[in-house]
Amino acid sequence: MSKVKFDILESACVPLPFENVDTDQIIPARFLSATSRQGFGDNLFRDWRYLKTGEKNKEFVLNNPVYHGKVLVAGKNFGSGSSREHAVWAIFDYGFRAVVSSFFADIFMNNALNNGLLPIVIPDDLLKKLHGLIQQNPETKVRIDLEKQTFTILSSGESVNFAINPYKKECMLKGLDDIDFLLSMKNEITGYEKNQSLAK
Amino acid sequence: MVRSIEDGPDVLYIDRHYIHEVTSPQAFNGLKERGIPVFRPAKTLATADHNIPTKDQHLPIRDELSRNQVERLSENCKKYGIELFGLNNPKNGIVHVIGPELGYTLPGMTIVCGDSHTSTHGAFGTIAFGIGTSEVEMVLATQCILQPKPKKMKITLNGKLHKGVTSKDIIMYIISEISASGATGYFVEYCGSAISGLSMEGRMTICNMSIEMGARGGLIAPDETTFEYLKNLPSIPGIKDIKSSVSEWKTLRSDSGAVFDKELNFDAGKIKPMITYGTNPGMGMAIDDSIPMSDDNGNKASASFIKSLDYMGFKPGMKLLGHPVDFVFIGSCTNGRIEDFRAFAELIRGRKKAENITALVVPGSKKVEEQMIAEGLIEVYKNAGFEVRQPGCSSCLAMNEDKIPQGKYAVSTSNRNFEGRQGPGSRTLLASPLTAAAAAITGKITDPREFVNE
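Line by line, the protein sequences are chains R and B. So for the first sequence, this note's numbering puts the first residue at 1; every next one is plus one. So for the second sequence, this note's numbering puts the first residue at 1; every next one is plus one.
By construction, these hints were calculated from the structure, which means they are not laboratory data. The C-beta atom is built at its ideal place from N, Cα and C for all residues, glycine as well.
Mimicking EDC-like on lysine to aspartate or glutamate, the simulated pairs with C-alpha atoms at most 16 Å apart in a straight line are:
1. B:Lys408 - B:Asp326
2. R:Lys76 - B:Asp296
3. B:Lys43 - R:Glu193
4. B:Lys154 - B:Asp261
5. R:Lys76 - R:Asp124
6. R:Lys70 - R:Asp7
7. B:Lys32 - R:Asp180
8. B:Lys307 - B:Asp296
9. B:Lys307 - R:Glu59
10. B:Lys250 - B:Glu228
11. B:Lys307 - R:Asp47
12. R:Lys169 - R:Asp145
13. B:Lys272 - B:Asp288
14. B:Lys163 - B:Glu450
15. B:Lys272 - B:Asp447
Facing chain R, according to a computed beta carbon distance under 10 Å, are these residues of chain B, among others:
16. His117
17. Gly282
18. Ser304
19. Gly420
20. Gly425
Derived coverage of chain R by chain B (criterion: at least 3 residues anywhere in the stretch with Cβ under 8 Å from a Cβ of chain B; other residues may be distant):
21. 19-26
22. 29-40
23. 74-81
24. 107-120
25. 164-174
26. 186-192
Given these sequences and hints, build the entire structure.
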């Protein structure tokens, strides 16, 4: 549960223009044996970052010093597959604060919102355009305003609104915790339990 | 539902919370930091399944991190008063196998677990879905979860399944038709004669893989098949007289006039044994088909499509029948139940495993293993040259030693064929238990219908 606040972010982008990137790629299963939330950034995209020999894969974007920033610009259907929240922890721990795509898998999106990592959905053609701009100029910067729900490409001035669940938006802006909210409802929950007739 | 938040998610009460060793430690850490107990330990059930070995389970786990994680679960369950069917417990097994077989999954329940294949339990007419570790903590703390209402999709399957075609092929077919993201944002209800004609285990296989098309969960309305299954269980926790429960469960059906956000229809008679050729479960085809020349959008030059085939060592337009394979895995929460092992056994009976195949035969639970022994199946496997291991998630995600080596092909009855899923560089071909058995005998991708009497 994160008390991280998100407000306005201006940053260069790291492009990952592959579709259907699943959480096994984001954080392979063999790294899930940890019992704390820390340190997952080291193993983010592990099998794409490193070759079988153990050397860094120079072809992979995270190893290319030309790209940097707190915004990961992905391809369509990002975060599919396993529910492992460790995938979000890895992305956040590495330093990203927002992920941009035209389509996110449900569980990943939920996990991201629960951990202060903002998932931003933009139209597919804008996503393609953005990838093109980043390829031409790795210093392409974007501005994300959570309060206004706007995503702006600073070089071109192009701006779109992005959707976010109002409750989650409030939590992220204020760094609020779902569990504190639920704990405050204890009486209501026990009241519900008493009203249930099904033998459980 | 406890409360509906305006412009926000609903507060959903959870009737059954399943936990396992991989996605719970950080959740328990959170409770400790807050200094609060588990709210309803009696509604929580734990197992160790993902990270355990499938051999020599009586010995201490060799890998330090795995051992630590499994021990941590034991400590947490003891501290917070949660029932644990841990390693070496006679009720131990894969979480989505033991829940139903021990009577913990019942129609009408809301069920969650820190595992995306929680959708399996939907086969009993439950609202069951996977959650992340932060939500595991939420449920441990309050027995509730914040959940936005998903859209509803109805998938109707009529027609008659041909021999040699199984429930696994059904769900693989559906996913190949609508893609790995085709049901994202939806909760799916499966209906139709081909669905109601399936056994509970067949239904569990279908609901299990709902997540692979992006669905939040998948369910099938309970009927006589469901009630018979439950009546035949040795016991059901919390229920002494099942008859009164059955009359309530009979009401759990969608109204005939129910409106769905999307409806799809499929003909079971069109389905053939399936196999995947790419690196997501949507990249599947009939076993005698050729790999498509382009991705779903007709894009021959799609970077993802090319990367995927490259990884698998395949080419567009290629046929897979006859392609040699190296490993066969039967098990997992998708196909690790007794009917799956019976089907595999029938095909291999009197035959011998191919020399070039290394087989991993992993029962889904201790109960399944016991049943295999009682039915004389272990002998059938042994005589055919197969070694039967001990229960666990095993090779499905290869967190333990059961990893498929770099570059090797594995025909697997599990649920995901992502890059490196079964081990770095491993090449997974998803299939039904029959298709896996056929490959194990011939040493190459084989149509199981060759072995099945029409």
